[in-house]
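**Q** Mind the numbering: the sequence shown is residues 1 to 264 in UniProt numbering, read in order.
Note that these hints are calculated values from the structure, not bench results.
Hints are not guaranteed to be accurate.
Said to hold, decoys possible - Derived EDC-like pairs: lysine to aspartate or glutamate, alpha-carbon spacing no greater than 16 Å straight-line: (1) K155 - E128; (2) K151 - E182; (3) K85 - D215; (4) K11 - D96; (5) K72 - E179; (6) K155 - E179.
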Amino acid sequence: MDILEEIVAHKRIEIDQRKQFIAPRQLYGMVAQKLQDAPATTVKFATSLMESETGIIAEFKRMSPSKGWINKDAKSSIVPLSYQKNGATALSILTDTDYFGGYDEFVQDARATGVTIPILYKNFVIDEYQLFQASFCGASAVLLIAVCLSKAECKSLMSLAHELGLEVLLEMHDRHDLEYAELQPDMYGINNRNLGSFVTDVNNSFKMAEQLPADVCKVSESGIDNPETLKSLREAGYNGFLMGECFMKTSDPGEALNKFISNL
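Modelling step: build the complete structure from the supplied sequences, incorporating the hints.
**A** Printed below as a string of structure tokens:
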């Protein structure tokens with residue numbers, strides 16, 4: 001079993017436990033009430049990336065399976081808002097607990113402290129229950145990973161996400177995932193990290209760029225740690241750049257983002 005298979009197997013157990021804590025019908029009712037009281041944000045994730053000069057999706061990630069703790073003391077009540085103040089176009093917040101040290105509450109904390117830019121609910125989404133979790137905590141979009149889902153499952157989850165007012169970043173890695181692109185997600189992501197081995201190679205985005213549809217929102221994910229790489233990716237057709245570790249490994253992620261943008 002590789003790392004991804006292990007994570008997904010654990011995720012199924014985790015979701016079943018969560019459903020016992022908050023029954024699906026109860027959660028669905030909570031989301032319906034929240035959407036009635038406060039409709040989903042009108043700040044569009046894909047549009048924000050397409051119109052941005054930098055397109056940086058700054059990620060709040062405290063740990064990973066390959067690196068262990070990156071920044072254990074980072075606070076969701078501080079870093080996401082600091083990212084926004086220092087020029088992030090959008091945010092990505094890890095909500096997987098056991099492998100990434102994240103919680104749904106981190107998204108809620110970000111919103112409570114004044115974050116208004118789009119937030120990606122970053123998790124291994126395999127069940128519709130998780131879409132309701134994302135909506136309830138205040139996310140703008142969800143990540144769907146092609147390799148974790150059948151095409152039919154992906155299509156169904158994407159449809160429900162849209163019903164809940166959530167945009168979808170569909171993550172692909174290699175040519176075997178390209179058939180999922182015809183589902184027409186809001187954002188087409190290329191992960192430079194192999195989720196089975198966690199080996200990262202930013203050249204993957206360059207190899208995959210021309211195989212994606214033209215005139216869609218394209219996002220390069222992982223392994224981007226210098227301005228020149230981002231510039232080259234933009235020239236290759238990408239609009240969004242998901243970056244986390246290069247900021248989170250510092251004592252002040254927001255300031256690290258500020259310096260990165262200045263160097264652009």
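**Q** Look at each hint and say if it fits the structure.
**A** Structure-based check of each hint:
1. K155 - E128: 12 Å, holds
2. K151 - E182: Status holds; Cα separation ~10 Å.
3. K85 - D215: 29 Å, violated
4. K11 - D96: 9 Å, holds
5. K72 - E179: Roughly 38 Å between the alpha carbons, so the hint for K72 and E179 is violated.
6. K155 - E179: Holds: K155 and E179 sit about 12 Å apart, inside 16 Å.
When each numbered hint is compared with the structure, violations occur for hints 3 and 5.
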